[in-house]
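Engineer: If you read the protein sequences in the order shown, they are chains A and B. Just so we're aligned, residue 1 is where the first sequence starts under UniProt numbering, counting upward by one. Just so we're aligned, residue 1 is where the second sequence starts under UniProt numbering, counting upward by one.
Derived from the structure by calculation, the hints contain no laboratory data. Model, not experiment: these values are computed from the prediction. Idealized CB from N, CA, C, for every residue including glycine. Since no wrong hints were added, every one of them can be taken at face value.
Stretches of chain A that chain B covers, calculated by requiring three or more beta carbons in the stretch to come under 8 Å of a beta carbon on chain B: (1) 96-102; (2) 106-114.
Derived DEER-like restraints, expressed as beta-carbon distance ranges: (3) B:V128 with A:P67: 18 to 28 Å; (4) A:P281 with B:R8: 51 to 61 Å; (5) A:G69 with B:L25: 53 to 63 Å; (6) B:S141 with A:G69: 24 to 34 Å.
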Amino acid sequence: MAESSSGSDDLLLEVSGLVVDLPGRVRAVRVVDEVSFDIPSATTVGLIGESGSGKTMTANALIGLLPDGAIVGGSLNWRGEELLTATASRRRGLRGHEIAMIFQDPLAALNPTQTIGRQVGEILRRSGKSRAAVRERVVELLDRAGIPAPAEKLGSFPHEFSGGMRQRAVIAMALAGNPSLLLADEPTTALDVTVQARILRLLRSIQEDAGLSMLLVSHDLRVMAHVAHQVVVMYAGRVAERGATSDVLRQPAHPYTRALVDSVPAVRTKTALAHPLPGTPATPSNRPAGCAFHPRCPLARERCRTEQPALRAVAPGRWTACHFAEKVLDA
Amino acid sequence: MIRVVVKRLLIGVLVMWGAASLIFLIVRVAPGDPVSILLGPDATQDQVKELSASLGLQRPLAVQYVDYLGHAVRLDFGDSYRLGHPAMSEVLERLPATAELMLASTLIAVVLGLTLGLLAGGRPGSVVDRVVSAAAIALQSFPTFWIGIMLILVFALALRLLPSSGSGTPQHLILPAITMALPFTAIVARLTRTSVAETLREPYIQTAKSKGLTDRQVLLGHALRNSLLPVVTIVGLHMGGLMGGAVIVENVFSWPGLGSLVVDSVTNRDYEVVQAATFVIAGIVMLFNLAADLVYSQLDPRIRLEGS
Numbered sequence: 001m002a003e004s005s006s007g008s009d010d011l012l013l014e015v016s017g018l019v020v021d022l023p024g025r026v027r028a029v030r031v032v033d034e035v036s037f038d039i040p041s042a043t044t045v046g047l048i049g050e051s052g053s054g055k056t057m058t059a060n061a062l063i064g065l066l067p068d069g070a071i072v073g074g075s076l077n078w079r080g081e082e083l084l085t086a087t088a089s090r091r092r093g094l095r096g097h098e099i100a101m102i103f104q105d106p107l108a109a110l111n112p113t114q115t116i117g118r119q120v121g122e123i124l125r126r127s128g129k130s131r132a133a134v135r136e137r138v139v140e141l142l143d144r145a146g147i148p149a150p151a152e153k154l155g156s157f158p159h160e161f162s163g164g165m166r167q168r169a170v171i172a173m174a175l176a177g178n179p180s181l182l183l184a185d186e187p188t189t190a191l192d193v194t195v196q197a198r199i200l201r202l203l204r205s206i207q208e209d210a211g212l213s214m215l216l217v218s219h220d221l222r223v224m225a226h227v228a229h230q231v232v233v234m235y236a237g238r239v240a241e242r243g244a245t246s247d248v249l250r251q252p253a254h255p256y257t258r259a260l261v262d263s264v265p266a267v268r269t270k271t272a273l274a275h276p277l278p279g280t281p282a283t284p285s286n287r288p289a290g291c292a293f294h295p296r297c298p299l300a301r302e303r304c305r306t307e308q309p310a311l312r313a314v315a316p317g318r319w320t321a322c323h324f325a326e327k328v329l330d331a
Numbered sequence: 001m002i003r004v005v006v007k008r009l010l011i012g013v014l015v016m017w018g019a020a021s022l023i024f025l026i027v028r029v030a031p032g033d034p035v036s037i038l039l040g041p042d043a044t045q046d047q048v049k050e051l052s053a054s055l056g057l058q059r060p061l062a063v064q065y066v067d068y069l070g071h072a073v074r075l076d077f078g079d080s081y082r083l084g085h086p087a088m089s090e091v092l093e094r095l096p097a098t099a100e101l102m103l104a105s106t107l108i109a110v111v112l113g114l115t116l117g118l119l120a121g122g123r124p125g126s127v128v129d130r131v132v133s134a135a136a137i138a139l140q141s142f143p144t145f146w147i148g149i150m151l152i153l154v155f156a157l158a159l160r161l162l163p164s165s166g167s168g169t170p171q172h173l174i175l176p177a178i179t180m181a182l183p184f185t186a187i188v189a190r191l192t193r194t195s196v197a198e199t200l201r202e203p204y205i206q207t208a209k210s211k212g213l214t215d216r217q218v219l220l221g222h223a224l225r226n227s228l229l230p231v232v233t234i235v236g237l238h239m240g241g242l243m244g245g246a247v248i249v250e251n252v253f254s255w256p257g258l259g260s261l262v263v264d265s266v267t268n269r270d271y272e273v274v275q276a277a278t279f280v281i282a283g284i285v286m287l288f289n290l291a292a293d294l295v296y297s298q299l300d301p302r303i304r305l306e307g308s
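Bound-form chain A, shown alone (with noise of 0.2 Å):
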């Protein structure tokens, strides 16, 4: 389990009331509401939820690639920079640049009719540089992904490679234009349980050497207890916990993050069977009153069925949206 935060202090980005609209059949659909979190530099920040907790919507609304017609507010602040009043140009000169993104599905992701190589130096070749340094470089990238004879490969497609040699591609691919910020969206989730390990620890050693921030979206809590420094949970398009990995998952100061940790299979203990969430997620477009989470959780009372709990601070770091934090982290 990753320990508290390495690297320095200071925030590469700082997400602060991020609010995002989707237009929907009938009103807009608010997936992503008033969430806050930083992410300092040579970090690896998880952001971790059910589907439909808005964790993939807030990933495309920091790299500015929402669906069309979405509506964005509250504020991304990129070392110093607004990044939701900036022009178009220079947030798409951002894009591939200072933030890259991974996504789920790796054959989905590369376009089918190009060849790896080509895919992988795209973004170099677009900023000038000779056809013989981007062949060495994207050489360099499918080596530091583990592809391996990388120079033999560069001429394949990508249904010639397998599940996890395409999203090794996307990383390096990711990885081409010397980005300070990677988000991966489920990285791993379309992958064989074999290939998932493998992938999480090359994000994370990428992560260590290149010293570059990561934000992991993922619905597994193990793979967040391998390679993230902090967590931030979601549920139904808000933040409900933040904090330290280590601390959010041994002790969590929401119910939604107890529940979430109780479902995990325990594979070594006796116990093999774990308790799963009671009830269904809650959706952005039919968010419950108060608490979103309150008919789901077992120490819902009145209070929780009127009253929107605010994020507030519980501990140093630790931050939690529930009227009873105490009583839960007492348990």
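Given chain A, work out where chain B should sit, using these hints.
Structural biologist: For chain B alone, coordinates are given in the frame of chain A:
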């Protein structure tokens, strides 16, 4: 790759045999016969018998068929009894004019259709998209002969800019080529539009955007080639189909091509020429389909793998 081509060509031989057999049967089943047309209504029984014998038409159908196929494999379709010289040479003489018309209209359709389709599909739901889509549906719905007549009325009769019929100069080519191209353009534009709009929703387009590419770079660098896949197939098929359109357009504009030859020959029950022309047209359609498949496999590496 070569194996695929050889296999397709072998299938093509079967197709050609089928086409040759079918047209042999159809011209003979159709009412009317060349003898009565050549001799006119006042001919005597003896004259009919004599001419039938000299044309070989009194023989059993099976014998005629075997004889016909035996010559067809050598591309010999006999002499036209209307024009006197070999049917095949008559067909080949008319072929360049039709080819000229086909290539010109395909060029117009592909260039115009792709451009409009890209503009519309690049921004689905925009004003450009709606105008292009509506215009395409309208153009596709108008019958070819009507478009031809309208163009003649406007550009030849009213504005006196272009000749209404005949051939020989580039000006003569413009109206028939456009007439043939317009519905084709509409097909290409609509298909390209749909295909581009669909391709832009693919996850790898999001990947391309995440590299910081501009919309135009994404469209031309990542979406275009992949959207072309279905378009190539349709262009190939439709170029074959243009041979059918040529029959109408060539008659509207008195264009001396294969299409008008076929119509004249059918009217005069000139079996030999109809058979030779059909054979050539079938061959051209087949070659265009093969070409489309080959281009497709060059555009999509996943297909290339399966073929080898």
